[in-house]
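> Order-wise, the sequence lines are chains A and B.
Its first residue numbered 554, the first sequence is counted upward by one per residue in this note's numbering.
Its first residue numbered 554, the second sequence is counted upward by one per residue in this note's numbering.
Derived from the structure by calculation, the hints contain no laboratory data.
The reader is advised that the hints may include incorrect statements.
The list treats identical chains as interchangeable, and a pair is accepted whether it falls inside one copy or across any two copies.
Unchecked claim - In silico PhoX-like cross-links for lysine-lysine, where the CA-CA straight-line distance does not exceed 25 Å:
| id | residue 1 | residue 2 |
| --- | --- | --- |
| 1 | Lys576 | Lys665 |
| 2 | Lys706 | Lys584 |
| 3 | Lys665 | Lys693 |
| 4 | Lys711 | Lys575 |
| 5 | Lys576 | Lys811 |
| 6 | Lys811 | Lys691 |
| 7 | Lys875 | Lys575 |
| 8 | Lys706 | Lys792 |
| 9 | Lys584 | Lys678 |
| 10 | Lys811 | Lys875 |
| 11 | Lys582 | Lys875 |
| 12 | Lys711 | Lys875 |
Because the structure is a prediction, the values reported are computed rather than measured.
Number of protein chains: 2
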Amino acid sequence: MSEDIVVLAHGAGGKENEDLIKKLFSKVKYKRINNGVGLEAFDDGAVIPTGNNIVTSIDSYTVNPIFFPGGNIGKLAATGSINDVAVMGADPIAALDSIIVEEGFPISDLLKIVDSMIEVFESEKIAIVGGDLKVMPKGKLDKIIISTVVIGKLGDGKIYLDSKAKPGDKIIVSGTIGDHGAVITALQMGIEAEIGNLVSDCQPVTKVMRIARDFEGVHAAKDPTRGGLAMSLNEFASKSNLTIEIDEELIPIRDEVKALSEMLGIDPLILASEGKVVLSVDPEIADELVHALRKNGYEYASIIGHVRNDKDWNGLVLLRTKAGGIRILDKPTGEITPRIC
Amino acid sequence: MSEDIVVLAHGAGGKENEDLIKKLFSKVKYKRINNGVGLEAFDDGAVIPTGNNIVTSIDSYTVNPIFFPGGNIGKLAATGSINDVAVMGADPIAALDSIIVEEGFPISDLLKIVDSMIEVFESEKIAIVGGDLKVMPKGKLDKIIISTVVIGKLGDGKIYLDSKAKPGDKIIVSGTIGDHGAVITALQMGIEAEIGNLVSDCQPVTKVMRIARDFEGVHAAKDPTRGGLAMSLNEFASKSNLTIEIDEELIPIRDEVKALSEMLGIDPLILASEGKVVLSVDPEIADELVHALRKNGYEYASIIGHVRNDKDWNGLVLLRTKAGGIRILDKPTGEITPRIC
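All chains should be modelled from the sequences, with the hints used to inform the complete structure.
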């Protein structure tokens with residue numbers, strides 16, 4: 554891959570994305586405030602201690618198409634940043650947004666998009682405290698980009714970091730994975746007829762996290778967006794310097810997602826979800842947490858693997874395949890599914 | 554102007570921009586947290602009370618060209634959001650950024666831009682605690698957009714709101730106005746030869762604000778970016794529901810900016826500054842504050858007018874022209890100087 558120009562893979566949420574970010578930002582000297590969590594953690598959000606601890610995250614959202622089954626870019630922009638703050642263990646309380654839109658964009662579509670964004674924030678009782686709106690000349694931007702920032706409070710002091718998985722932990726997912734990525738990729742590839750009733754899973758994970766926070770022994774949490782489950786598990790494994798072993802047969806994946814993945818030749822484990830959580834939790838609470846999730850409507854919540862200290866494999870994710878073999882589940886590289894979020 | 558599609562004027566920081574934002578966001582129910590300052594204030598930043606008060610602001614930066622005399626889009630993105638938080642009366646402590654870049658963009662340029670951004674944040678001892686990097690396919694975005702969020706602490710409890718100007722106040726500007734807007738507009742219009750030694754004034758206003766905060770009696774502060782001095786003064790006048798009268802002769806404007814404005818047929822009062830502050834202050838401290846600013850290197854700091862309660866004109870800005878007449882200085886409308894920030 555070129556070292557001189559930006560390529561799509563640099564933005565796809567996989568290894569190249571990480572490498573470029575490290576290249577650009579490694580020189581930053583002030584990466585966090587006091588004992589907070591900052592840039593060096595490359596976690597979902599930052600923790601800024603200021604009397605109370607503030608958790609915050611920023612993300613820019615581009616998606617093609619901007620309206621899709623199950624949502625639109627406005628719903629996605631609100632949901633995505635809420636989820637980054639929620640999986641850190643915080644209660645989201647405030648949001649800011651910045652909209653950049655192309656000259657000639659229909660105001661009616663802009664209203665639909667912003668209304669969806671507002672609806673998500675309001676349903677979560679998150680105040681929209683500020684924002685920005687810019688217009689770029691026709692042809693200088695493809696339709697619309699929305700950046701959102703969500704600020705949360707660390708209420709009970711529990712904080713979930715990618716680096717805190719522990720040997721013995723069970724890995725839990727809160728539901729089926731890859732729904733969002735499968736829908737968007739199918740639309741981009743022009744096979745919308747094959748999508749059927751599948752919709753993006755785009756929704757806040759605040760309820761999942763409130764259930765998880767009721768338990769002692771949740772160590773790490775992450776929403777598997779760009780790069781999918783494969784990327785999230787690799788983050789846990791590398792930052793905690795432990796080995797994660799996943800059982801392919803236990804991963805909940807909808808039949809429609811499996812079918813689309815086969816048709817597209819894409820591993821569903823790298824397809825984004827936009828309303829799911831991956832958790833690394835104490836084995837003693839794992840069954841009970843899955844039970845609590847299922848009882849609250851998360852019927853596909855499942856234990857899919859475990860964490861261990863195995864110096865031959867630490868930092869890596871191992872996948873026990875249905876055929877019975879074991880392979881390394883790498884960090885996704887390449888363009889993966891471009892522009893899904 | 555069309556009601557159905559987005560036009561450039563919708564993003565230019567003037568009246569149409571304000572109208573569209575109000576149309577899109579008037580339905581938001583949760584606009585602030587407790588007694589904080591939120592969306593309904595349409596001020597530079599939001600105040601989020603969470604134990605300590607947090608002040609925060611988001612902005613997305615697009616500028617054409619992305620490198621210009623005196624800076625580049627990275628320096629601008631850091632400076633702009635720092636300044637929005639600083640003019641609220643807060644000490645900026647943390648920043649997050651989100652970069653969206655076009656496929657094929659040179660990595661060397663991206664490094665220069667990000668280095669400039671980092672340099673500004675570090676010179677201000679502001680931690681970069683998080684960020685995001687996305688790539689859009691070639692042709693879907695013109696080069697690069699950077700969104701930045703800055704979070705600040707309201708140290709001494711003083712807070713400066715557009716709505717707090719008081720009758721009798723003097724209006725102060727911290728230096729020459731329109732430098733940034735003149736440079737960018739001249740570059741866009743292809744008359745770079747006429748720019749001469751003029752450079753963008755892009756720089757943090759934190760030092761100006763520290764000097765101002767040493768005084769009791771500063772009521773409102775604003776950085777006159779998009780829409781220029783005209784927009785900032787109109788914000789004070791309309792939100793405080795008072796009359797502001799400005800004396801054209803007292804406004805510090807560089808000869809080069811005057812010359813470029815004439816050549817371009819643009820009122821310098823609507824040209825953006827990116828390193829200046831407009832203040833509304835108690836008349837008893839006005840001279841002393843100007844003196845303090847000048848002593849600290851802000852040699853063009855000046856009193857340019859005053860605030861009064863005049864029910865015939867409240868909400869409006871009056872300009873006493875050099876010719877001796879008085880005219881209403883309207884909120885800028887139309888495209889003004891497109892895409893300067």
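> Are any of the numbered hints broken by this structure? If so, which, sorted upward?
Violated hints (numbers, rising): 4, 5, 6, 7, 11, 12; every other hint is consistent with the structure.
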